[in-house]
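Peer 1: Go by the hints and put chains C and L onto chain R.
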Amino acid sequence: MKQARVVVAGLSKRFGRMEVLRDVNLAIAPGRITAIVGPNAAGKSTLIKTLLGLVRPGPSALVAIDGVPVNGGPRYLERVGYMPQVARFPEQLTGGEILRFLQELRGDGFARDEELVELFRLGASLDRPVRTLSGGTRQKLNAVIAFLFRPTLLILDEPTAGLDPVAARILKDKVRRASSTGVAVVLTSHIMAEIEELAEDLIFLVDGAIVFQGAVSSLLEESDEPTLERAIARRLEGHVS
Amino acid sequence: MRIVRKILASELRNVARSRWMVGYALLLLGFTSLLLRFGGTGERALLSLLNVVLLLLPLVSVMFGTLYVYNAREFIEMLLAQPVRRGALYAGLYGGVALPLVAAYLLGVGVPLLARGSEAPGYLAHCAMLLAVGTLLTLVYTAFALCVAVRIDDRARGLGAALLVWLVTTLLYDGIILGVATSLGQYPIEMPLLVMVFLNPIDLARVLLLLSLDISALMGYTGAVYARFFHGGGTILAFLMLIVCAATPLLVGYRWFLRKDF
Amino acid sequence: MSFAFLAALGATLVVRPAGPIRTLTDALALARPGDSIVVHAGTYREPPIVVRTRVTIVGVGGPVFVGGEHSTLEVEADSVVITGLRFRQVTPSPLEDRAAIVLRGTRGCRIEANDIRDAFFGIYALKASDCLIRRNRIEGSAANDAAAGNGIQLWQARAMSVVENEVLGHRDGIYLEFSPSAVVRGNRSSGNRRYGLHFMRSDSCTYAGNLFARNGAGVAVMYSRNVQMLDNRFERNWGDAAYGLLLKEISDGTVTGNLFADNTVGLYLEDANRNILTGNTFQRNGWAVKVLASATDNRFEGNVFEGNSFDVSTNSRSASSRFAGNWWDQYRGYDLDRDGVGDVPYRPVRLFSLVVERHEPSLILLRSPFVELLDAAERFMPVLTPETLVDGRPLMRRPR
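Heads up: the protein sequence lines correspond to chains R, C and L, in order.
Each position in the first sequence, counted from 1, maps to that position plus 2 in the numbering used here.
Each position in the second sequence, counted from 1, maps to that position plus 107 in the numbering used here.
Each position in the third sequence, counted from 1, maps to that position plus 1139 in the numbering used here.
It is worth saying that the hints were derived from the structure and are not from the lab.
Don't take every hint at face value.
[Stated by the list, open to error] Here are some, though not all, of the chain R residues that point toward chain C, as calculated from beta-carbon distances under 7 Å:
1. Leu79
2. Glu80
3. Glu106
All values derive from a computational prediction rather than experimental measurement.
Every residue gets a Cβ at the ideal spot worked out from N, C-alpha and C, and that includes glycine.
Same shape as in the complex, but just chain R (with noise of 0.2 Å):
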C-alpha cells in the first residue's frame, strides 16, 4: 500500500466551550478525490484549516502531510494548493501581482501550471486591480493559485460555488486530471451531485466526529438509496434518533 498523503490521528478541538472536533482519525492516500461532507458547523471548515495550519492541532494529536507534522514549520505546504470558498485579495493589486507575489514566496524552484489561466480565459483580468474584477473571476483567480505551484495535496472548498457552469465543468476536469497524477485531493461541497460525480472517498462528520468513512459507493451500497443525498439524509436521521 502506498503511503498515506495525509494523516490525522486523535484529533480534537474546542473553542472556547464548544467542541468543534472530537477524535478524529483519518487517513488519505495519493491519487485519491475524498469529500469532506456534514451538516452545518459539523467541524468540516476546522478540519480543513488544521490540515492547511490555520488552526492549530492540540499536542495529543497527530495531523502530518506526506509524513511531516503540521505544527513543526510551514514548508510542508509549498505543495499544496487551497482553495477557499470565498478568496480575497489585496484590492489594489492586479492578479499578475499576486500570482508574482505568491511565487516570489517560494522561491524560483516552482514550475508554474497556469493552464487554468488560459482555460479560463482570465489574461487580460490579470492586468487589472482584484477590486474591479467580479465575483466569478475572483473565484477563477482563486482556482489557478491552488492549482499553480502543481501541488501533491489540493484542498478545494466548495469550488464551484460562484462559478459559471462552464468554469465548473473546467475545474472539476482538471481536478480529476491532476488525481490521475497521484494528487491527493480534499473538497467540500453542498451539491451532492457533484460530490458523487467528482468524489471517490467520503468522509462524514456530525458534531465534530467522524461518522462514515470510506469509499462512496460503499455508502450508497450500505444504505441501499439510488443517490448520495438521500444516502447521507437517512444516515443522518439514524444518527440523529
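Peer 2: Same frame as chain R, now just chains C and L:
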C-alpha cells in the same frame, strides 16, 4: 527576512495605492500648510500641530490599522496557506500598515514644515522633535491596532476596542492623572505623576513636545522638577519608553498571532 | 587741550603712577572746591578714598582702582563728578555693604561712564539726592548669594536719575528702598541672581525703556504708590517663582507699553490696587498675568496676549480686576456688526489654570486633550472660573 520583505513589498504596493492613505497624507498636508500660512509664527504653528499629532495621529493609526487587518483577513488566510512563517507574515503586516502611515505623516507634515522654514532659533530641532515623536506615536498605535485585530475576530467589536484604546489613552488616562494630582495635592507627587505619564504614550509624546516647544510654562516650581528631569537624560529615557510602548503591544500581538486559530 | 574748560573753573591736578601725584588720595588732599583731578591710566591700590571736596574726577585711558576689604571710593561732598574710572574687586562682607562707589548724603553728583567689576556692591547711594548715575557698566561675578551685593542701590535717596547703565551678575541689578521720585530709564539689567530691578517703599518713581532679562526672579516692585512703568522689556525670566514683573502692594500705578516675553509669569499682582495697565504685550509666557484676589480694581485695556500657555490666572472666583478691549490670540468669537470688537465676551481664565494654582504638579497635563475639553466645557458654562474676569469687548484685530 526575504519573505518579510516580499510580503512587505506586496502590502506597501497595495496600501500606497489605497485612496485612504493618499487622503490622509493630503489631509495632513493641507492642514499643516493652512496652519503655517494663518497660524502665526513658526513656533505657534508648531504648537497647533501638537494637537494634530496628539489627537489625529493616534486615532487614524489605530482605526486605520485595525480596519486594514480586518480587510486583509482573507488575504492573511491565503498567505497562511502558503509556505510562510507566521512571524514573517506578522512582521510584514505591521510594516505594511505602519510604514505608509509614517510616510504619509512625514510627507504631509514634514514637507510643508521644512519648505516653509523659519529663522526662529531651534526651529529645525523643534521640527525634528515633532516628526520623531509623531513617527513613534504612529508606530505605537499601529501596534495597538494589530493587537486588537488579532485578538478580536468580530470586526465591530474590534473597531470599538480600537476606539476605546484611543479614548482611554487620550482622554480617560489624563482624567485619572488629574484626579490623582488634585486628590493627593498635599504630597510631593511630581515623581509618581511622571511615572504615570511614562506609562501612556500620548502623555509621553505631549510632555516631550511641550518641553521642547513651550518651555516657559513648565518652568514654574513643579515645572522645574519636570524640566530638570527631561533635560537631564529624561528625554532619551522618554524616547526609549515610547519605543517600549510600541514594542509591548507588538510582541503581545505577535504571541497571539502565533497561537491564533483562523 | 581738551581739559582747558575745566581749568577755567579751577585748578587741574594730575594723578599718574609716575608722579608727582601718585594717588587719588594725595590729589584729594591738595584739591580745593571746584578743582578737577585727571587720573591717568595705571593701577591704583589705595586705602579707602573719601571725597570731601567738590571736585571733578576724570579718568583718562581707564585707570584701575583695585579695592579690598572696604568701599573703594566714598563721596561725601555735593556736586562731585566721577567719570571714566575703572573699579576692580570689592571683597564681600556679611557685616557692611561695601561698594566700589558710595554716595553718602550728597546732592547733585554725577557718576558717569565708569566700569565696575567684581565689586560686592557697585554704586551705593545712601541718603543722596538729585544725583545722576549714567552709562556705567557694573558686572558682578559672585559665586553664591552671600557674596553677591546689588549693582546699583539707592537707600533713602531722593529724586535720583539712574540712566542707561548696564548691570549684570549681581544679586539685584538695581535696588531702591525709601527712594521716592527716582527716574530709572534706559538701563539694561540682566543675568542677576535675584531681581533685575527691586524696589520698595519708593513712591512716584518712573521706570522707562529699561530691559530686564534672564534675572533669577525678574523684577519686583513693592509697597509704593504712583509708580509709572513705561516701555520696559521683561524677558526670559524663568524658574522657581520668577516674574517678569511682580507688583505687590502697588497702588495707583501705570504700566503702559511694556513687553513681557518668555517669562514663567509675565505680570504678577498681589495686593495691588487701582493700577492701570494698557498697551502692554504679553508673548509666550507661561502665565501672562497672574492676578490674585487681593488685587482689586486694576484695569487692563488694549493689551496684546499671544502665545501664552495661560492668559490670565487667579486664585479665587472673587477676583475683581477688569479687562476690556484687549486682543487675545485665543479668542474665537465673531464680529457681526464689524465695529472691530468681538460680539462674544472672552474669558481669559481657564479652568485648568485654577487647578494648577491649587495643585501645581498637575501642570504636567498642560495641553492635554482632556484638559482642553474641560476648559471648553467651562468656557461654555462657567461654574468655577471667576465671572468677573471677562473681557466684554475683545478686539478682533491685533493693535500695533
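Peer 1: Evaluate each hint against the coordinates.
Peer 2: Hints, one by one, checked against the model:
no., hint, result
1, Leu79, "holds, 4 Å"
2, Glu80, "holds, 4 Å"
3, Glu106, "holds, 5 Å"
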